[in-house]
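Engineer: Here is what each chain is made of, one letter per residue.
4 protein chains.
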Amino acid sequence: MKIGFIGLGHMGNPMVRNLLKQGHSLKVYDVVPDLVKKVVGDKCEAAASVAEAGKGVEVVITMLPSSPHVRNVYGDRNGLLASIAPGTFLIDSSTIDPLTSREVAMDARAKDCHMVDAPVSGGVAGAEAATLTFMVGGEAKDFETAKPILQAMGKNIVHCGGIGNGQVAKICNNMMLAIEMIATSEGMTLAAKLGMDPKVFASIVNTSSGRCWSSDTYNPYPGVLENVPSSRNYTGGFGADLMLKDLTLVTEAAKSAKHPVMLGAIAQQIYQKHSIDGNGGKDFSSVILQYLKL
Amino acid sequence: MKIGFIGLGHMGNPMVRNLLKQGHSLKVYDVVPDLVKKVVGDKCEAAASVAEAGKGVEVVITMLPSSPHVRNVYGDRNGLLASIAPGTFLIDSSTIDPLTSREVAMDARAKDCHMVDAPVSGGVAGAEAATLTFMVGGEAKDFETAKPILQAMGKNIVHCGGIGNGQVAKICNNMMLAIEMIATSEGMTLAAKLGMDPKVFASIVNTSSGRCWSSDTYNPYPGVLENVPSSRNYTGGFGADLMLKDLTLVTEAAKSAKHPVMLGAIAQQIYQKHSIDGNGGKDFSSVILQYLKL
Amino acid sequence: MKIGFIGLGHMGNPMVRNLLKQGHSLKVYDVVPDLVKKVVGDKCEAAASVAEAGKGVEVVITMLPSSPHVRNVYGDRNGLLASIAPGTFLIDSSTIDPLTSREVAMDARAKDCHMVDAPVSGGVAGAEAATLTFMVGGEAKDFETAKPILQAMGKNIVHCGGIGNGQVAKICNNMMLAIEMIATSEGMTLAAKLGMDPKVFASIVNTSSGRCWSSDTYNPYPGVLENVPSSRNYTGGFGADLMLKDLTLVTEAAKSAKHPVMLGAIAQQIYQKHSIDGNGGKDFSSVILQYLKL
Amino acid sequence: MKIGFIGLGHMGNPMVRNLLKQGHSLKVYDVVPDLVKKVVGDKCEAAASVAEAGKGVEVVITMLPSSPHVRNVYGDRNGLLASIAPGTFLIDSSTIDPLTSREVAMDARAKDCHMVDAPVSGGVAGAEAATLTFMVGGEAKDFETAKPILQAMGKNIVHCGGIGNGQVAKICNNMMLAIEMIATSEGMTLAAKLGMDPKVFASIVNTSSGRCWSSDTYNPYPGVLENVPSSRNYTGGFGADLMLKDLTLVTEAAKSAKHPVMLGAIAQQIYQKHSIDGNGGKDFSSVILQYLKL
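Protein chains in written order, with the numbering used here: chain A, 1 to 294; chain B, 295 to 588; chain C, 589 to 882; chain D, 883 to 1176.
Please keep in mind that the hints were generated in silico from the structure rather than gathered at the bench.
Be a bit skeptical, because a hint or two may be false.
[Unchecked claim] Think about it this way: if two alpha-carbon atoms lie no more than 25 Å apart in a straight line, the pair counts; the simulated BS3-like pairs of lysine-lysine are:
#  : chain 1 : residue 1 : chain 2 : residue 2
1  : A       : 245       : C       : 781
2  : B       : 337       : B       : 449
3  : D       : 1140      : C       : 881
4  : B       : 493       : A       : 258
5  : B       : 331       : B       : 315
6  : D       : 919       : D       : 937
7  : A       : 245       : D       : 1081
8  : C       : 626       : C       : 609
9  : D       : 1081      : C       : 729
10 : C       : 881       : B       : 539
11 : C       : 881       : A       : 245
12 : A       : 258       : B       : 539
13 : A       : 111       : A       : 147
14 : A       : 293       : B       : 552
15 : A       : 273       : C       : 846
16 : C       : 781       : C       : 846
17 : D       : 937       : B       : 539
18 : B       : 487       : C       : 781
19 : A       : 273       : D       : 1155
Model, not experiment: these values are computed from the prediction.
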């Protein structure tokens, strides 16, 4: 297929490479020319602008850092929707707030374009290995259209319901993850301080009612699991500042919906503090350092 | 074996019955005479006092509601330790604070008695079915002594390290559980309010990084899982006021250890509010009602 | 002076009347025609549009409900800045986020217009009595220009520093106020539950280190002070949903600034819960009902 | 009068000196003999034990660090109540939990002794200058008995109602104080980060609805007020660890009363974190350092 791709950062770059591997032809754009240069080549043409990237293609995929970027790329006077051909299929893989996803999709429908939101989990490593999970929001028919394209870049392609629900699934899951990571940090460090061996405590929790992904697969206490960020000084993994971004999104979405999320709001504050303490670049499991002196 | 058993409430009663089934002889005591009458019979003799229950037996098991009760039963002028024969083996299955466990065990050693703390999980149903989990704190040798006795009443007998660590394991696990239950409540209700089907959201979380026992085994959102309290109006299960008791224990223990547990403290407050709102007798997953109007 | 006034709601209406009393001539606009009809009359002309309200006047005052409204009224293609005469002086009395204030003021400068932000406190009663407090952000010279105009509507006209600082002062003050109101609610209800007479406790706090405006001037415990909302079933005063709006603004501003505000975030959650419990229309001191059964 | 005095630490020592200045005769005791030596002299006799300090005196005053100390000094087999003469008047100036105050007073009544609880505020400086505030719980008649004695050591002698209410008043006031100090810290640092001059912000808050003792009399932001701990690197004043002790007492009392205190619980956690970060010895206004890099 002929695909436009906008946003060539840490995630977009390997996603483009995987699309090329599957034989697609691409027109690519980024505001930073150097990022474009890194991927142009055989079957991968540089577009001079956002509008240009959307012309003469069947599908456009966007991978952008925030809601305002998505609004601008799609909605500006020089944006995608102003010039796109009716019937072009749109996939936004940015992680943004669900309301923006829904508004942009509505604007797209006014131009006779179908759209899905398809945020990812799996990070840069998943993007490179084409093992990303895509959480897709959109009509059933549109999900079927998107699925084979996304399979070039990911392994799990999950339908979450109507447009915007990909975002809802991602940010609500990540809110739970953040809270559970802090819960695990508090439980592990308190058990250790009260005299238990952290490995023994983890093994008990992991066969009991306190178990969670943060305790059994990604334990933040150094030395409990191998091959996780806590065993290599919190390098690699999913950055604390990225978690903070998702917590900010989800608490804003909760405010818009007038829904209380007490622990979510406090997790956002704890990650905020963790970030200004200088830990934003470390893996998000490093939040245990708020409780543990190494 | 000849076993003394003190504390014949909802848990103690079926535990005594299971010990009898395995052929042990018992001397039993409770401050409430009616509770004693319910179990006395063949090979199960009523003791007239705490001290009496500890005489002429090889082992004493206690199952009491709180730390002050444990202090009194063991430490009083008319308590167990004042009259017990050296060498009597002591098992305390109460859920209390680890410091009390350690102090009482130290007093027991001064009388040449070995002691383990062995709090349980599994509730009344587990006590009746002899499928309790015992989290045992004590020396390795003492754990080996306790194990066959506890197997008459439970299925998983876990060694958690030195004396008091049974309590540490239980209350730290339950703190994580309480936080994760609230995290699941916030995530499920927010996803639903933002437009997702709760079952679809649960299925995504449960194969993703937000999964935890509260989401995949005991989901608090009505209709997501069958045969859990949320599917029967939060009856049965583990009472919210029992969770509140454990949260109070763990936050006190954290204060004694001068260790911060921000989310643990807030979970304690949320369950406190839930209780004064009149929900203390419901299953603890009913905390979702703080976020959901049914 | 000839003044344009946009936004004629509960606050704007009495502000317009007070400007007229001081002899100013007005051109007024609101999207709701009925609100316009309520004020037009001698020296008070209806404008047919936002742009119209800004023509042929020396000053424009805006009193709008939120940041997006302010962006639209000033920034739209048909907005104020597109048609305004250079040199027109602009006063925005809306309570919005400081970043928006600063951006709009920058756009205004590009049209050779000076602007101040001047959010108010004092509520509808203050607007009617011309006793509002105006917290003014802008250059010293612009503050001097604004001051006599604002004095027609208020009593305290305070210079808070550069543009946007009026908003900063208001939302940071109100965050402190919300936290202190909850602190007072917790202190008063706990003291009462522990056996103290609420009036005696209040009198002790109010001469001690726990005193605050919420305890000595606006006590939320019924019967402690006369002539405050708590003495009349929380009617009148400053609505809980308005406080929630300010808490939402301030926590967003904190996120933009990457600054932690733990208690501010929790206060936002508590007011959010209070609102969905059905109390949004009551005075904000009714938050004590989260702790007190009346 | 002939007065027994038990507890000769930082507070007890100057309190004893002030009683002597007013012409009273004392019998003094402390477990640390050196502390006794510091005060013995003319009209101030050393007692060999707690029991001894209570013999041949009309009044006993105790000034002890915690509830268990109070229980031991009064309740032990060798304690005050075991040997005291009926009719001896008892004043406990320790800050402890109200339940303990009430229990000890009940035990005292069984020995025909009247008792008041009379915790203080004002710190070491107030003790030295005889300007302490005494918050007194007890019957009206007992308050009248205590008042002239306490006036030798303090300036404000406040009757708070029945026995235990002195404690309630103190710990509930201090909970409000702690929350308000953190509220002021969040408000001041956020306003500064958003671009306001801290002095200007403080002056606005202090004439507005956000004002509190922490903002207008003891502002934690360096340079806003003179002669407060924040102007001298948080030395002197009321130690953060003493505030932590009071927050621990009040949150325990709330748990016993089954009363939620969400912000109180979080303030306790924030001071806990502040303490393990190494700031326990600084003035409690140093909690602003959790938000401010100096």
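Engineer: Please verify whether residue 273 of chain A and residue 1155 of chain D have alpha carbons no more than 25 Å apart.
Structural biologist: Between residue 273 of chain A and residue 1155 of chain D the Cα gap is close to 12 Å, so the pair holds against 25 Å.
Engineer: Measure nothing beyond the straight line between the CA atoms of residue 937 of chain D and residue 539 of chain B; if it is 25 Å or shorter, mark the hint as holding.
Structural biologist: violated, 43 Å
Engineer: Please verify whether residue 337 of chain B and residue 449 of chain B have alpha carbons no more than 25 Å apart.
Structural biologist: Holds. Residue 337 of chain B to residue 449 of chain B sits at ~24 Å (cutoff 25 Å).
Engineer: Check the hint pairing residue 487 of chain B with residue 781 of chain C against an upper bound of 25 Å on the C-alpha distance.
Structural biologist: Roughly 36 Å separates the two Cα atoms, so the pair is violated.
Engineer: Check whether the Cα positions of residue 881 of chain C and residue 539 of chain B lie no farther apart than 25 Å.
Structural biologist: holds, 23 Å
Engineer: Given the hint that residue 258 of chain A pairs with residue 539 of chain B, does the C-alpha gap stay at or below 25 Å?
Structural biologist: violated, 31 Å
Engineer: Checking one constraint from the list: CA of residue 273 of chain A to CA of residue 846 of chain C, max 25 Å. Satisfied?
Structural biologist: holds, 9 Å
Engineer: Does residue 245 of chain A pair with residue 781 of chain C here, judged by a C-alpha cut-off of 25 Å?
Structural biologist: Distance of about 41 Å is beyond 25 Å: violated.
Engineer: For residue 1081 of chain D and residue 729 of chain C, compute the direct alpha-carbon distance and say whether it is at most 25 Å.
Structural biologist: holds, 21 Å
Engineer: What's the verdict on residue 781 of chain C and residue 846 of chain C, does the C-alpha distance respect the 25 Å limit or exceed it?
Structural biologist: Not OK: residue 781 of chain C and residue 846 of chain C at ~39 Å, beyond 25 Å, violated.
Engineer: So if I understand the rule, the pair passes when the alpha-carbon distance is 25 Å or less; does residue 493 of chain B with residue 258 of chain A pass?
Structural biologist: holds, 22 Å
Engineer: Quickly compare the C-alpha distance for residue 1140 of chain D and residue 881 of chain C to 25 Å and report which way the hint goes.
Structural biologist: Distance ~14 Å between residue 1140 of chain D and residue 881 of chain C Cα, so the pair holds.
Violated hints for the displayed structure, listed by number in ascending order: 1, 7, 11, 12, 16, 17, 18.
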